[in-house]
Amino acid sequence: MPPATEIVTLMVNGDRREVGVPGHYTLLEALRYGLGLTGSKQGCDKGDCGACTVLMDGEPTLSCITPIREADGRRIVTVEGLGTARGPHPLQDEFDLHGAAQCGFCTPGILCSAAALLARSTNPSREEIREALSGNLCRCTGYTKIYEAVEAAAARMRDNG
Amino acid sequence: MAKSQSDFHFIGKPQRKIEGLEKSSGRALYADDIRLPGMLHGKILRSPYPHARIVSIDTSAAEALEGVHGVVTGRDMPTTYGIIPWTPDEYPLALDRVRYVGDGVAAVAAVDEDTAIRALDLIRVEYEELPAFPDPVSALRADGSTPYVHDAEKEGRNGNVTKHVHMEFGDVDGLMETSEVVVEGEYFFEGTTHTPIEPHCAIGLWQPDGSRRDGLGEPTRDERGDGTGADSGPRTGSGKLTVWSATQVPHYLHRELARVLDVDPARVRVIQPLVGGAFGGKSEPFDLEFCVAKLAMKTGRPVKILYTREEVFYAHRGRHPFHMRYRTGCDTGGRLKSVDAEIVLDGGAYASFGLVTTYYSGQLLCAPYAMPAYRFDSTRVYTNKPACGPKRGHGSVQPRFAFEVQMDKLAERVGLDPVDMRRINFIGENTRTVNELRITSNGFLECLDAVERASGWRDKFRKLPFGRGVGVAGSTYISGTNYPIYPNRMPQSAVQMQIDRSGRVAVFSGASEIGQGCDSVVAYVAAEELGVPLEHVRVYRGDTDFTPVDLGAYSSRVTFMLGNAAIQAARKLRQMVQQAVAEEWDVKPGEVLLAGGRAMWAPDTERQMSTREAFNLAEAKFGTLGARGWYDTPKDVHGDYRGGTIGASPAYSFTAHVAEVEVDVETGFVDVKKIWVAHDCGRALNPVLVEGQMEGSAYMGFAEALMEEQVFKDTDHGRAGLHDGPSLLDYRIPTSMDTPELESLIIESIDPEGPYGAKEAGEGPLHPSIPAIANAIYDAVGVRMDRLPFSPPAVWREIQAARGAGTLRKPPC
Ligand code: FES
Ligand code: FES
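Those protein sequence lines, which keep their order, are chains Z and P.
Residue 6 is where the first sequence starts when you use my numbering, and the numbers rise one by one after that.
Residue 4 is where the second sequence starts when you use my numbering, and the numbers rise one by one after that.
In case anyone wonders, no lab produced these hints; they're calculated from the structure.
There's no promise every hint is true.
Claimed, not checked - Have a look at the derived ranges for each label pair, beta carbon to beta carbon:
#, chain 1, residue 1, chain 2, residue 2, range
1, P, Met740, Z, Ala160, 22 to 30 Å
2, P, Arg30, Z, Ile70, 37 to 45 Å
3, Z, Gly52, P, Glu744, 22 to 30 Å
Where is the CB? At the ideal position from N, CA and C, for every residue including glycine.
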């Protein structure tokens with residue numbers, strides 16, 4: 006990491022973290038290289054692929070084009086923060102069951118986009134899922150298994166109230 | 004005898020992938036997730052010219068920059084390499100000539116990326132520009148008055164020709180002459196690239212030896228007197244080199260690192276972390292792997308290089324643009340008589356896999372249809388653009404597009420339904436193709452039946468309203484190649500398996516997990532054969548220090564070869580366990596079943612013990628338990644002619660697609676509504692993974708049909724040789740909104756040689772997408788799309804032409 010020029014505070018996955026970073030760093034760089042949270046991926050570094058998607062105050066956000074200053078003091082959830090100590094988030098489990106992660110590189114970003122969708126809609130249609138994931142490129146799956154996994158997770162979350 | 008499905012516990016059933024939760028929880032580690040203590044960051048300086056001589060390179064200012072620990076240029080690694088042993092034509096960094104915009108010329112290692120980027124700006128390279136060959140036409144016309152892309156091997160030859168293959172089987176001209184119907188067509192397949200979401204990344208680590216007690220080190224290059232050791236850093240032989248890389252061929256990387264860097268292969272270790280997609284785009288060594296290794300050796304610190312997305316586009320090795328001309332003749336009943344093809348492959352600046360691509364452009368066309376006579380003439384040429392190589396369906400996707408459109412045109416001429424046209428030409432099973440490839444299991448007819456039924460073909464073909472249409476296409480693909488890339492008589496794939504008193508199975512597998520699920524496949528085999536739950540199987544992988552050699556994830560070889568190797572190892576262990584338990588119970592070993600975590604006596608399954616207890620008995624009887632399994636391909640099965648080994652595979656998969664489209668005649672926009680994919684993969688070891696491969700393949704074919712173009716600027720627009728749009732925004736790959744509905748229909752023709760009867764599923768299902776869509780566009784509006792991609796402007800132009808000619812209408816029944 007180049008020399009740090011500022012210290013920002015992030016509420017990451019429930020923890021309050023202070024991290025010193027160069028001023029030009031993005032949120033993705035701060036997470037990956039400053040905090041060692043390597044779950045969020047960099048596929049393009051310019052806002053085109055969605056692999057770096059995290060939740061910032063609940064909203065899916067491309068962390069590779071989010072200047073670190075903009076994230077200061079915000080609530081960030083990354084893929085590492087979706088599950089709990091007791092087990093994975095239903096989305097994470099259903100992705101595994103449905104083979105929705107082939108190489109898995111798009112998966113962290115897709116999970117964050119899907120989690121935001123399920124937080125606002127408990128029974129999304131296929132069309133809503135497609136729209137919610139339209140900023141996340143997956144090169145392996147053809148998306149079909151991803152839709153199935155999101156639908157199964159939604160059903161499970163409805164059943165569990 | 005083939006087992007029926009109910010005989011299996013794991014095989015053939017939906018299962019989790021063993022690393023699935025790692026991936027969905029964000030714990031999975033990819034190359035760029037790895038950080039080593041003291042690690043430096045590297046960057047590569049790239050040529051701004053498509054073709055130029057390097058007059059001089061001055062790195063002194065870069066070296067003097069604070070934070071820079073090392074700089075290397077082509078002089079540091081003056082050895083050529085190439086994935087095909089006969090065509091080594093690349094240097095890790097250009098030595099005296101650059102051949103495409105993006106060719107690497109120098110690399111630096113610095114404390115951080117920012118410093119490395121600043122250092123690149125300080126490197127002074129003086130170039131002397133050379134005339135470039137932007138396309139195959141100019142490359143083929145070259146007369147030597149300006150330097151070829153590569154110097155000609157022999158005086159008087161055109162150095163721009165990488166490879167020329169001419170093959171003829173049967174009486175092509177005679178049968179063409181007597182064909183009642185002959186269709187001739189010209190086709191163009193635009194280049195496309197793999198675009199894995201993970202960019203290439205590598206880390207090098209050099210661990211020097213301590214001094215030897217006898218005071219004698221291994222000789223340096225200078226001591227050996229080869230005169231190249233001037234500034235080659237520490238003694239190359241006296242340490243251990245480790246390279247982590249997002250590669251799909253760790254074994255070939257291992258070989259080439261050792262050869263090019265002159266390090267004993269026994270001192271080289273390649274570690275393959277999980278790979279974030281590859282599709283053929285990571286199947287040979289790249290400049291970054293040599294650079295991290297050399298920089299690590301030079302600086303004594305670990306060095307990482309991560310490609311930018313732009314660099315991934317320039318690294319390329321994707322689908323070759325093909326210019327194709329086909330003549331196809333059949334009788335009045337639609338039976339194929341003669342096929343004649345002429346192909347020019349635009350290879351880019353280096354050979355890559357090009358020699359194989361040139362053969363594949365013709366060799367893989369001879370099924371699933373019988374053709375009595377076939378000729379192809381293929382020429383691969385060098386051009387001053389990033390090198391093309393293997394992309395999913397290597398070399399055979401392009402001709403398949405042309406050929407399946409030809410089939411459609413023939414069907415129309417003889418008045419046959421195109422599905423029936425394909426049926427009557429079916430080559431059959433247990434047969435030989437006209438070019439002598441051995442076909443064993445073949446479920447192509449079932450594939451046709453399945454897509455015809457599922458798509459409602461009979462009610463749609465030529466019956467949908469104008470603007471809407473359906474198209475069909477078929478294809479075949481290899482399950483690995485009988486002959487490895489470098490000639491040798493060693494196994495193509497192998498595993499080591501251990502069981503112990505804890506009840507766990509450990510598998511050491513050298514196969515390359517690139518998302519397709521091969522680590523899981525060995526785990527399913529181990530669980531199936533040894534009767535343990537999947538959670539008791541650990542797969543240790545991707546490290547050339549402790550896994551046996553597997554040749555890599557390419558040519559759809561992995562499940563077939565690795566699966567067979569794993570079955571062999573697991574069965575050796577199973578026999579030992581059965582024997583030990585049988586002795587304990589005083590029964591016959593064959594009567595001991597292992598399943599569901601239990602060992603049972605078949606005649607009375609009440610008599611049982613846990614597999615852990617059974618493993619204890621075996622360990623007590625035989626000592627520490629381990630077994631090896633390996634697979635090698637049949638070596639006596641190939642065509643009896645020069646080149647006849649290329650395309651020879653232990654088994655072939657078969658695919659049929661139906662695509663349904665809607666064409667907007669005002670805008671030229673083609674909306675693919677749905678693709679039905681039927682694929683004969685032999686036994687589907689895990690149907691979820693097979694479907695994933697089928698859907699991913701059909702998606703990728705759809706993308707090439709409608710959206711993707713890997714193109715470079717010519718002299719008229721800005722700088723020649725620059726990529727037209729090296730980003731994931733400009734190079735358009737389908738989002739969830741673009742991708743059509745995909746329906747997978749698995750067909751299982753149990754293969755005699757496949758593991759439990761399995762064949763490939765990773766590449767075959769891509770092929771028919773493109774021609775099926777082309778044929779559907781024709782059914783919709785009567786317009787033939789013989790050039791890719793079917794982008795709105797291209798389709799619109801054809802529609803305008805048809806309008807002018809009065810042919811814009813539903814084609815006649
Ligand atoms: S890495 Fe952020 S969008 Fe691609
Ligand atoms: S699973 Fe590989 S990119 Fe989506």
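- Query: That 22 to 30 Å hint for Met740 (chain P) and Ala160 (chain Z) (C-beta), does it hold up?
  - Reply: Holds - the Cβ-Cβ distance for Met740 (chain P) and Ala160 (chain Z), about 23 Å, lies within 22 to 30 Å.
- Query: Given a hinted range of 37 to 45 Å, is it respected by the beta-carbon distance of Arg30 (chain P) and Ile70 (chain Z)?
  - Reply: 25 Å, violated
- Task: With respect to the beta-carbon atoms only, verify the hint that Gly52 (chain Z) and Glu744 (chain P) lie 22 to 30 Å apart.
- Result: Once the Cβ atoms are compared, 28 Å apart, the range 22 to 30 Å for Glu744 (chain P) and Gly52 (chain Z) holds.
Hint violations for this structure: number 2 only, all remaining hints satisfied.
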